[in-house]
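Trainee: Taken in order, these protein sequences are the chains called A and B.
For the first sequence, counting from 1, position 129 maps to 121 in the working numbering; every step adds exactly one.
For the second sequence, counting from 1, position 31 maps to 67 in the working numbering; every step adds exactly one.
Calculated directly from the structure, the hints in this document are not laboratory data.
Built from N, CA and C at the ideal position, the CB exists for glycine as well.
Some hints here could point you the wrong way.
Claimed, not checked - Cross-link-like lysine to aspartate or glutamate pairs, in silico, EDC-like; alpha carbons within 20 angstroms at most:
no.: 1; chain 1: B; residue 1: 126; chain 2: B; residue 2: 111
no.: 2; chain 1: A; residue 1: 360; chain 2: A; residue 2: 204
no.: 3; chain 1: B; residue 1: 78; chain 2: A; residue 2: 98
no.: 4; chain 1: A; residue 1: 360; chain 2: B; residue 2: 123
no.: 5; chain 1: A; residue 1: 96; chain 2: B; residue 2: 83
no.: 6; chain 1: A; residue 1: 336; chain 2: B; residue 2: 86
no.: 7; chain 1: B; residue 1: 126; chain 2: A; residue 2: 204
no.: 8; chain 1: B; residue 1: 78; chain 2: A; residue 2: 90
no.: 9; chain 1: A; residue 1: 96; chain 2: B; residue 2: 138
no.: 10; chain 1: B; residue 1: 78; chain 2: B; residue 2: 91
no.: 11; chain 1: B; residue 1: 126; chain 2: A; residue 2: 357
no.: 12; chain 1: A; residue 1: 96; chain 2: B; residue 2: 86
no.: 13; chain 1: A; residue 1: 3; chain 2: A; residue 2: 290
no.: 14; chain 1: A; residue 1: 336; chain 2: B; residue 2: 113
no.: 15; chain 1: A; residue 1: 3; chain 2: A; residue 2: 19
no.: 16; chain 1: A; residue 1: 360; chain 2: B; residue 2: 130
no.: 17; chain 1: A; residue 1: 89; chain 2: B; residue 2: 83
Said to hold, decoys possible - Examples of chain A residues toward chain B, derived with CB under 10 angstroms:
no.: 18; residue: 87
no.: 19; residue: 108
no.: 20; residue: 110
no.: 21; residue: 170
no.: 22; residue: 171
no.: 23; residue: 173
no.: 24; residue: 188
no.: 25; residue: 189
no.: 26; residue: 249
What the hints assert, rightly or not - From chain A, some residues computed to sit far from chain B (all C-beta separations above 10 angstroms):
no.: 27; residue: 17
no.: 28; residue: 30
no.: 29; residue: 50
no.: 30; residue: 53
no.: 31; residue: 60
no.: 32; residue: 73
no.: 33; residue: 101
no.: 34; residue: 114
no.: 35; residue: 154
no.: 36; residue: 161
no.: 37; residue: 176
no.: 38; residue: 289
no.: 39; residue: 303
no.: 40; residue: 373
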Amino acid sequence: MPEWVQFSAGKHFQDLIAHLSGRSVPEILVMPIMLAVILGFICGSSLILIWAERKVAARIQNRVGPMMTGPRKLAEFSMWTGGLLQTAADAIKLLVKELIIPSKTDPVPFIAAPVLIVTVCVTAFVVIPFGPALSVSDLNIGVVHVVSISSLTVLSIVMAGWSSNSKYSLLGGLRSAAQMLSYEIPLIFALLGPILLAGGLSMQKMVLAQREYGCWFFLPSLLGFLIYYVASIAEVNRPPFDIPEAESELVAGYVSEYSGMMFAMFFLAEFANMFLVCSVAATVFLGGWLVPFMAVPEQMTPGYIALGTLVFFAKTSFLVFIMMWIRWTFPRVRPDHLMNLGWKYLFPLSLLNLLICAGVAVLKDVYKLNGWGVSLASLGALVFVLLLLQVVRVPRPTAFLEKV
Amino acid sequence: MDGNYGYIALFLLGGAGFVGFNFSLASFVTRLVQSHRPSRTKGLAYECGEPPSGEAWVQYNVRYYLYAMLFVIFDVEAAYMIPWAAEFRKLLAELGTLVVVEMAGFLAILLLALCYAWRKGALEWT
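Taking the hints into account, I'd like the entire structure generated from these sequences.
Mentor: Structural data, given as C-alpha cells:
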C-alpha cells in the first residue's frame, strides 16, 4: 500500500522551504499557509462556480447569460467565454453596499450566523483529498468530521431566521431546520456503506480501498450514491429542495433581512458547500483522485499528483454540473412531499444499501471474490431487490403503516 | 498516520477571522463611499416590502419538534453504527456473520420505532 498518499499537503511546503533554505521548519509554521490556500481556493472556486451556474442556467433557458463584464474579444468568441468578470463585479458591488442591521433584530446571533456558516464550511475542507498527498490533513475520522461539522450549518440558518425578527426569515429558518434534520439521517446512512467497505473513516484510506477493491464504490453501493446525492442537494438547500428560501413564497427565506457583505457570506457558503458535498461524493463514491486504468506508484511522483488532482477536479465538476442541471430543470418540491421522501423512502433504502454493502464485504473477505466480481454481485443484488419490490408492491408494502 | 488535529482549531479560528476581516473591510468601505446612512425606515424589517405588522417571534408549529425528536433517535443510532461499520471487516474476520446478526437486531428495534412513529402519523405534515 503506497503510504505517501496520506502525507499532509503542508509537507510539500516544508520540503520546498527545506530545499530552498537548507533548513527544516516545524509543521506549525506551514499550517497558516494551508489556511490561506484553502481560503483562497474557496473564494476562487465560488467566483467560478457562480459564473458557471449563471452560464449553465442561460444555456438551459436558451439565453447567453452575462456577457458585458470581462474581455470583449473573448465575449465575441463564444457565450462560454463572455462575462468572465461578472462575479468579481458582483462581489465589489456587495462590498460597497450598506450593512443594514434592522433595529428589531437580535444583533448577536444576527451577526454570528454568517460567521458560523462560513467557518463551518472552511473547517470541513480540512479532510478533503484534492489529490494524492494533497489533503490539508488526513484525519483518521475524515468522513465523520465532514458530516458532523457541516451539520452545524443548520444552527447558523436557524440563528439567522430567528434573530431577523421577520416572519419570512423565521419560516425559512424553521423549514430549513426540519429539512436538514430529515436529510441528515439518510446522508449518514448512505455513507455507512462505503465506510463499511473501506473499513475506515479516513478519506485517503477510502480512496485506497477503492483501489484495493478494483472498482469505485458507486458500483457496490449504487443506491447509497444516489441517496447521498439527493440528500446532499437537500443539505445545501438547492432547488428542487430550496423550500427554506423559496423566493415565490418566502421572499428570500432566512436571508431576507441580510444585505451587503453579510448576504455575500451566505452566498459564498452556499457555493462552497456545494463544492464540498460534491467533492465528498467524488471521493467516497467515484474513486476520488484515482486515475482510471493507471496503477498508483509506490513512490511519490509529481506527475501522478498532478494527474490525480486533475481527475479529482474533473469528477467533482461533473457532479457540480449535474447539480446545476437539476436546479434549472425540476420544479420545487412541496414541504410535506420532501419530508415523505426523506423519512419514508431514502431512509429505509439507505438501510437496504447498508445491507448490500455488508453482503459485498462478506463476499470479498470470506469468499475472496474480487473487483468486478464484487460489483457484479452487488448490482445483481440491487436488481433482485428492485424486482422484488416491484412484485411485492401490488398491495403497497407500507400500507399497514398508514396513520391510525 | 492519524493526521494533525490542530488544523481543525486553526481553521475554525481562521474561518471566523476571514469573515470578521470581510465585515470590517465592508464597514470601512461603506463609510468611505458614504453608502452607510442608517435611518428609521431602513431599520424596519424588510419582510416583503410592506411595513411589518406585529412581532415575528411567535409560537410556531409543534410538528417541527416531532421531526427534531425523530432526528435525535436516529442520529444517536448513527453514532453507534459508524464505529460498527468502520470495524466491520475486522470483526468479520474474528466473529464471522455474527457481526451482521447483532447489528440487524439493534436496527430492528429502532426500525420498530420508525414504524410506530409512521403509523402514529408523526411523519405526516397535514
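Trainee: Hint by hint, note whether the structure agrees.
Mentor: Tested hints:
no.: 1; hint: 126(B) to 111(B); verdict: violated (24 angstroms)
no.: 2; hint: 360(A) to 204(A); verdict: holds (13 angstroms)
no.: 3; hint: 78(B) to 98(A); verdict: holds (16 angstroms)
no.: 4; hint: 360(A) to 123(B); verdict: holds (18 angstroms)
no.: 5; hint: 96(A) to 83(B); verdict: holds (12 angstroms)
no.: 6; hint: 336(A) to 86(B); verdict: violated (40 angstroms)
no.: 7; hint: 126(B) to 204(A); verdict: holds (16 angstroms)
no.: 8; hint: 78(B) to 90(A); verdict: holds (11 angstroms)
no.: 9; hint: 96(A) to 138(B); verdict: violated (54 angstroms)
no.: 10; hint: 78(B) to 91(B); verdict: holds (17 angstroms)
no.: 11; hint: 126(B) to 357(A); verdict: holds (10 angstroms)
no.: 12; hint: 96(A) to 86(B); verdict: holds (16 angstroms)
no.: 13; hint: 3(A) to 290(A); verdict: holds (18 angstroms)
no.: 14; hint: 336(A) to 113(B); verdict: holds (17 angstroms)
no.: 15; hint: 3(A) to 19(A); verdict: holds (8 angstroms)
no.: 16; hint: 360(A) to 130(B); verdict: holds (16 angstroms)
no.: 17; hint: 89(A) to 83(B); verdict: holds (19 angstroms)
no.: 18; hint: 87; verdict: holds (6 angstroms)
no.: 19; hint: 108; verdict: holds (8 angstroms)
no.: 20; hint: 110; verdict: holds (5 angstroms)
no.: 21; hint: 170; verdict: holds (5 angstroms)
no.: 22; hint: 171; verdict: holds (9 angstroms)
no.: 23; hint: 173; verdict: holds (4 angstroms)
no.: 24; hint: 188; verdict: holds (4 angstroms)
no.: 25; hint: 189; verdict: holds (8 angstroms)
no.: 26; hint: 249; verdict: holds (6 angstroms)
no.: 27; hint: 17; verdict: holds (15 angstroms)
no.: 28; hint: 30; verdict: violated (7 angstroms)
no.: 29; hint: 50; verdict: holds (28 angstroms)
no.: 30; hint: 53; verdict: holds (26 angstroms)
no.: 31; hint: 60; verdict: holds (23 angstroms)
no.: 32; hint: 73; verdict: holds (29 angstroms)
no.: 33; hint: 101; verdict: holds (12 angstroms)
no.: 34; hint: 114; verdict: violated (3 angstroms)
no.: 35; hint: 154; verdict: violated (8 angstroms)
no.: 36; hint: 161; verdict: violated (7 angstroms)
no.: 37; hint: 176; verdict: violated (7 angstroms)
no.: 38; hint: 289; verdict: holds (18 angstroms)
no.: 39; hint: 303; verdict: holds (23 angstroms)
no.: 40; hint: 373; verdict: holds (14 angstroms)
When each numbered hint is compared with the structure, violations occur for hints 1, 6, 9, 28, 34, 35, 36 and 37.
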